[in-house]
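J.: Chains as they are written, first to last, in this note's numbering: chain F, 1 to 360; chain B, 1 to 359; chain U, 1 to 308.
Just so you know, the hints here were simulated from the structure itself, not pulled from any lab data. Note that beta-carbon positions come from the ideal geometry of N, C-alpha and C, so glycine has one too. Hints may be right or wrong, so weigh each one.
Unchecked claim - Subject to a maximum C-alpha distance of 35 Å in a straight line, what follows is the list of computed DSBU-like cross-link-like pairs (lysine-lysine):
1. F:K252 <-> F:K300
2. F:K57 <-> U:K115
3. F:K109 <-> B:K170
Claimed, not checked - Here are some chain F residues pointing at chain B (derived, C-beta under 7 Å):
4. V72
5. E77
6. P79
7. V84
8. Q90
9. N130
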Amino acid sequence: MTLITRRNVLRIGAAGLALPFAGSLAFGQDGPLKIGFVNVGPKDDNGWTFGHWTGAKALEAEFGDKVEITFVESVPEGPDCERVLRELAQQGNKIIFATSFGFGDYVIKVAREFPDVIFEHATGYQRSDNVGTYNARFHEGRAVMGTLAGHLSQTNNIGYIGSFPIPEVVMGINAFTLAARKINPEITVNVVWLSSWHDPAKEADAARALIDQGADILVQHTDGPAALQVAEERGIIGGFGQGADMSAFAPKSHLSAIIDVWAPHYIQVVKDVQAGTWVSDDSWPGIAAGEVVIGAYNEKIPADVVAAAEAVKLGIADGSLNPFTGPILDNAGTERVPAGQIVDDAGLWAMDWYVEGVKA
Amino acid sequence: MQFRLEKRPEPSKAMLYLTPVGAVLATALVGAIVFSLIGYNGLGAVREIFLTPLLNPLKWQDLAVKSAPLIIIAVGLSIGYRANVWNIGAEGQYVLGGLAGTGIALLTRDMSGPWILPLMIGGGVLGGMAWAVLPALLRTRLQVNEILTSLMLTYVAIQLLNYLVIGPWKDPMGFGFPQTRMFTADQMLPTIIPRTIVHLGVPIALVVAVAAWFMMSRSVFGYQVKVVGAAPDAARYGGFSVNRTIWLALLTSGALAGLAGVLEAAGPFGRMVPSFPTNYGFTAIIVAFLGRLNPLGIIFAGLAMAIAVVGGEVAQTTIKLPAAAVGIFQSMMLFFLLASDLLVRYRVRFGDRTVEARA
Amino acid sequence: MSTELLIAVIITLIGASTPILIAALGELVVEKSGVLNLGVEGMMLIGAVVAFAVTFATGNHWLAILCAAIAGSASSMIFAFLTLTLSANQVATGLALTIFGTGFSALFGQAYTGKPIELFRSVFPAELATHPVWRLVFGHSPLVYFSLIMVVAVWFFLKKTRTGLILRAVGENDLSAHSIGYSVVLTRYAAVAFGGAMAGIAGSCFPLLLTPQWAERLTAGRGWIALALVVFAAWRPFRLLAGAYLFGLVMTIELYTKASGSTGFLPSEFWAALPYIATIVVLVLISLRRSGQSAAPACLGKPFMPAQ
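Pulled out of the complex, with its shape left as it was, chain F reads as follows (with noise of 0.2 Å):
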């Protein structure tokens, strides 16, 4: 990957002071096609700006020389991040994928600037004429581990550690818990709300209370392994990885993971530029289209239960399965979706209910 390394870097410093005013013309069509990520952590945080970084790779991996990759991390969600995304456009990038969702502000002023620049949006919902949006249902992920938690949990506590309640983590409590359900009526998933992405100590506290109290299976909506570790050091059942395998932190509490793999849609995207064809359009795959991986599961888990938690995944894969489907009943009682419908993808955005179970 050209992530700028000590040689190109006169190069590159050298043509950003001689051509101050060439803004995105800067440089011209028969390079490579130089490629921009604005991310909100650093790459090593083994989660979700990890997810991205190794899709970067990929593109490398399948595009070589045409291609010319920069990875920013770190960026503050705010002002700042309309900065670095201004500047990746003056530097010449053609695409530019924003891997946050407080970005999204940002990526639809300084498109407006860029009209020639291609932005990609992870996880927002604002776009326009050069603006897509992308993610991933990591809540079909949710429903393969929730089957392993139905299947394995002896307590029927499971604890689960949400970050913000935002549609995302809403509709993987939900799916977790109707697919564990489905396996044990008896389950009850208690959610600790931390109001923080990145308090690892606070992760940490907040599984030690879910254990105390009874939980014997542990999920997070966190980027980090905090909650895994307290999974080992306890000797509970287990827990997940989230975003990558996480098993090196707890190899006996890592059930399996949840692992984003956003290579099949970068690649897509490059190709559809390359070829003229791209359209701002929202793409929002799963487990059918490789996007949403099931890491492997740890061998302590019965082979009939392994089964169980695949045949659910396969079942997602062809369609033959919807996490969401009637009757749904939620936490007060009420029935939400009737026997043998569906929740459709603008009802999964409007979530802000929780299914029976759920104490949240």
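Here the structure of chain F is known, so what remains is to put chains B and U in place on it, guided by the hints.
T.: Using the frame of chain F, we list chains B and U on its own:
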């Protein structure tokens, strides 16, 4: 090596102007060496951080927009610091200013008219001021240290912000994401130079700095502040009220931090989000010192700090210098500046006649 | 609430309190000598990353704590040199130290994200801690016992030793201490070095006691809570202990309430702000009771300026 310090009868004017320049140069030099030693492109880092933002006209708008809130807050703080009033809670006052402006924006979302933005700005000023009332009250009535109270209140302000954007102020159409709705066109700061991002906050920052300079150097209030800061007993003797000065200093710095907050909210942010506290309030403390607590100096100091931030981002994209390195450059700059402060107040004499100075 | 759960809550809250207790004990001594070092958060981050790196490289937790203490102390010497030798402003220098520590730890820690280490567990035989009640006595990491010993040690040092008396004299009236012949600057250097070492050890609690990983800004603002705690405790070691556990209770009880399946009865932001609000209230109460007299050391934050 023996050296001793001899207090200058008057602070050195030459040193006053030379030391900030020296601090920046020393930071560049040491930074280049240190970052080269640990395996980064040290010279490239210095070039990208300190020169590119100045030489590349595309970056000028960023410098203006980034330095404006720093200048506004630092000018307010400098007035207090001159009076020996240590408001270090500007970050909280900045947040409250933004929140007050946002509150008015949400109330007036169905209305239109040119009166809305001035109302928001006024609300922001009052919001920041309100957050400085408690430290002022406790300091003047109960002798409670304002360093501690203003700092504590910053964290209370940040939690208040989180509560509002996650709870009652959450955008009902925003898919549950913790942020308010977008401000309307009447609630946003106008851009003053077409085709750039330079908004009304930039000239406001300059006006604030020049007005503060005029007030501090030409008015009785400025004189009073300086006397209270330098010699509180003399001030009392001269008929100046120390408590009144403390109140004015804290309210002014709170009001200006609130002004910066509402300008940021109505300008670059355009809505209230959890990432609104961007450390401007703390960075402005550095800016105030870098500008030698002089409002005109602070304009240049704010610009220097903006150069370091904008340049840090350039260095991230061009030579892959980690974001963390920018913090190291900033702190080094301040360390050097604080160290060189000594040269303003003291003359360094080499030799061994050390007895009287330090014994 | 069952006894077992109660004990579990206590063990978690002790864990959460220990880093702020250790850092606050160090800062208490610093402030007693008349110096205000706002760089606690930065020094804690430096201690945390160094402790992680040493544990990762050697697996030796004792060595890791020692190195964290040395690193914290070394970084505090930047502050000491600027403020004590060069009479620079303490507030600005302390803030700069925090910015420096945040940047340094993030840069140095890049090589360590995504890697696990072992926690520093109890050194007592596991059989001693099988019964829940005995777990309370023998089940902790050595860092917890260290924090408790240091409470007594700091109290004893300040109240009962001659050096402690000198340190307090320097903090209350530096000019008189100077005129009697004590070295104000040297005393303060020693206090700042101690505070730095304690902040470094407090930082080491994050990877060794709470969550055995390195992540940027791992301490997530606990250094500022430690600063609040010193004030909350009115600069007294035993009140500091009680205050630390009270703050720890506030930080963990909300998690236990939610984990039990009930919704919190107040927004979680209120709980997060509570230590700071409580500190302001305590400041007011102290001042009211002493009728206009603050409990803070009289020279706190002021540079030492002997007559020429």
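J.: So which hints don't hold here, by number, going up?
T.: 9
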